[in-house]
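Enquirer: When you get a sec, could you build the whole thing from the sequences and use the hints?
Quick note, the sequences are listed as chains R and P, same order. The working numbering numbers the first residue of the first sequence as 1 and each following residue consecutively. The working numbering numbers the first residue of the second sequence as 1 and each following residue consecutively.
Incorrect hints may appear among the rest.
One-sided excerpt, in silico: chain R residues whose CB lies under 8 Å from chain P [to be verified]:
hint, residue
1, Arg80
2, Asp83
3, Asn101
4, Met167
Below, computed lysine-lysine pairings styled on BS3-like, alpha-carbon distance capped at 30 Å [what the hints assert, rightly or not]:
hint, chain 1, residue 1, chain 2, residue 2
5, R, Lys143, P, Lys293
6, R, Lys125, R, Lys170
7, R, Lys82, R, Lys170
8, R, Lys143, R, Lys125
9, R, Lys170, R, Lys84
10, P, Lys293, R, Lys125
Simulated from the structure, these hints should not be mistaken for lab results. The C-beta atom is built at its ideal place from N, Cα and C for all residues, glycine as well.
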Amino acid sequence: MTSHLVQAVNVTKSFGNNEVLKGIDLSVRAGQVVCLLGPSGSGKTTFLRCINQLESIDGGRIWVDGELIGYAERGGRLHRLKDKEIAAQRREIGMVFQRFNLFPHMTVLENVCEAPCTVQGRRRKEVEAEAQTLLERVGLGDKPHAYPNELSGGQQQRVAIARALAMHPKLMLFDEPTSALDPELVGDVLAAMRDLASSGMTMIVVTHEMSFAREVADHVVFMDAGVVVEEGRPSEVLVNPQHRRTQDFLRRVTSEDDRGDDEGVRGSTP
Amino acid sequence: MTSPTDTEGERPGRIDAVPVRHPGRWVAVAVITVLVAMFVHMLVTNPVFNWPFVVESMFQPSVLRGLVFGTLWVTVLAMVIGVGMGVILAVMRLSPNPVLSVVAFAFIWFFRTIPRLVLLTIMGTLGLVFREGLDLGVPFDQQILDLVGIDGDMRFLSFDANAIFIGVTGGAIGLGLSEAAYMAEIARAGITSVDTGQREAAEALGMDRRTTMRRIVLPQAMRVIVPPTGNELISMVKDTSLLIGLPLSTELFFQLNAIGARTFQVFPVLVAATLWYLIVGSILMVGQHFLEKRFNRGYGARATPTADPLQPNEPVEATP
Ligand SMILES: Nc1ncnc2c1ncn2[C@@H]1O[C@H](COP(=O)(O)OP(=O)(O)OP(=O)(O)O)[C@@H](O)[C@H]1O
Ligand SMILES: [Mg+2]
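Expert: In structure tokens, the structure reads:
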């Protein structure tokens, strides 16, 4: 367990009678990039939110950096953590949402500086200097004083990445960070994520971007209907999947790509 | 007639079209002008108005004192109590803690139901209920101490009820509590209007509930809260005329009425009151406008729908 930054064992979660996670196991070593794949409704978002305690789990355990998430074990019993303790655990984990969720009443710079200043109580000047560096790193060094609604979706998502990084998280969670973006804006966000991965950040990424999974991920996990069907190196799982459901999913995803290519060809030939 | 094919080769240029005529508007303007002229004629010539007396009564020292210390000051105090308590009540109402939620609901229910005039009249008589003063301490303290055979009491704070429940304090408390109930509903609507993704993003950054509420949710809720609060403020100015129920006589409308009764100039003092309320209300409306603009920052339409919208808005040149 000590060698793993994230360790999830037999995680279960239901919404009413709908069992969404049916015993998920996942281990992520420090510095690893893990891609979660799977059809819609398979529970990828839910699992990611459980790691960050935006949802509470019904069964199993999740550890991040050796610390049990959401509970303290005392006297052989689990005690639910208090609000403040949960907030403290979340500080170690950055999250990037599908729909960016930037704070619209704050400028880009204020978005990035907000949590380090109010939560960690760091000095504004010092945080701003660091935020500016982070914004430059995601290619937005020229826009610190813009409001989010003045940015394109791709720019907003890169601000969201910088905002999460400003807290110096040990782990970054991405929930389909590019699927709300116009196709021509996807590249910049993926580039920022590649850069982050190569800097050694531990990342769990839910994505439908097969090329990103193939090229950046160290480990790919395929989920369906609340269980992990298959996992392994991208060169194994994506190229030579063993399970029918993985094969079907990959065929569907790649055939969508092909159709896109076809249209491109048809459009350009008179 | 030109058809698309006729213009082939020569691209259409600048449009110079005849605008639509609105003859109805001119008729309306004429009618309204006549009506306004009739009204002004009446204002100027009808001796009942007695304009010199209107102006004189508006600036009587007793009236000005009533305006400042009754009407305006009580409005300020009551709105501070109302907005402050209202936001707290709204947060309580939305809290996962059922005790807080029920307490807030009961408060809102009670104070929304009682008419303000009735509430102020009751406040004024509470001095009788707490003739001995109002004490905070252990409930049934004297009965308990009698049982164990000790003399004395267990009270920590004492107020003179007559001082609290009448006058400016009483008026501000009464109107403030009533306002808190309305403000709570307004603030609740504002808080629930904020996208849940905002709260999640804040919590994912490690903010606790309080900080999330204070830094992320409430500032965004303000957009929804400010406009109806402006209306509440203007209503409050008007409702200070109910302070007579308390009774508090240092108040604009009462003072003007008193002058009217003394001098038998009943109508001019009503005109004077109307003018004062118009002046105060207009100033508040201007203030409200600027406040709304302040809280709309970051929400306006996008500057330019180009890929790089941050470039200063250059006037879009119509390509010839
Ligand atoms: N708050 C909720 N309340 C009730 N049901 C929920 C809730 N959130 C998710 N679900 C259900 O849980 C299931 C899994 O949802 P989840 O969002 O985790 O899937 P996903 O794998 O992320 O799908 P997608 O690729 O479409 O994002 C779905 O059936 C969904 O309806
Ligand atoms: Mg999802």
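Enquirer: Work down the list of hints and note, for each, if the structure agrees.
Expert: Status of the hints after comparison with the structure:
| no. | hint | in the structure |
| --- | --- | --- |
| 1 | Arg80 | violated (13 Å) |
| 2 | Asp83 | holds (6 Å) |
| 3 | Asn101 | holds (4 Å) |
| 4 | Met167 | holds (6 Å) |
| 5 | Lys143/R x Lys293/P | holds (23 Å) |
| 6 | Lys125/R x Lys170/R | holds (24 Å) |
| 7 | Lys82/R x Lys170/R | holds (22 Å) |
| 8 | Lys143/R x Lys125/R | holds (18 Å) |
| 9 | Lys170/R x Lys84/R | holds (19 Å) |
| 10 | Lys293/P x Lys125/R | holds (28 Å) |
Violated hint for the displayed structure: number 1, the only one.
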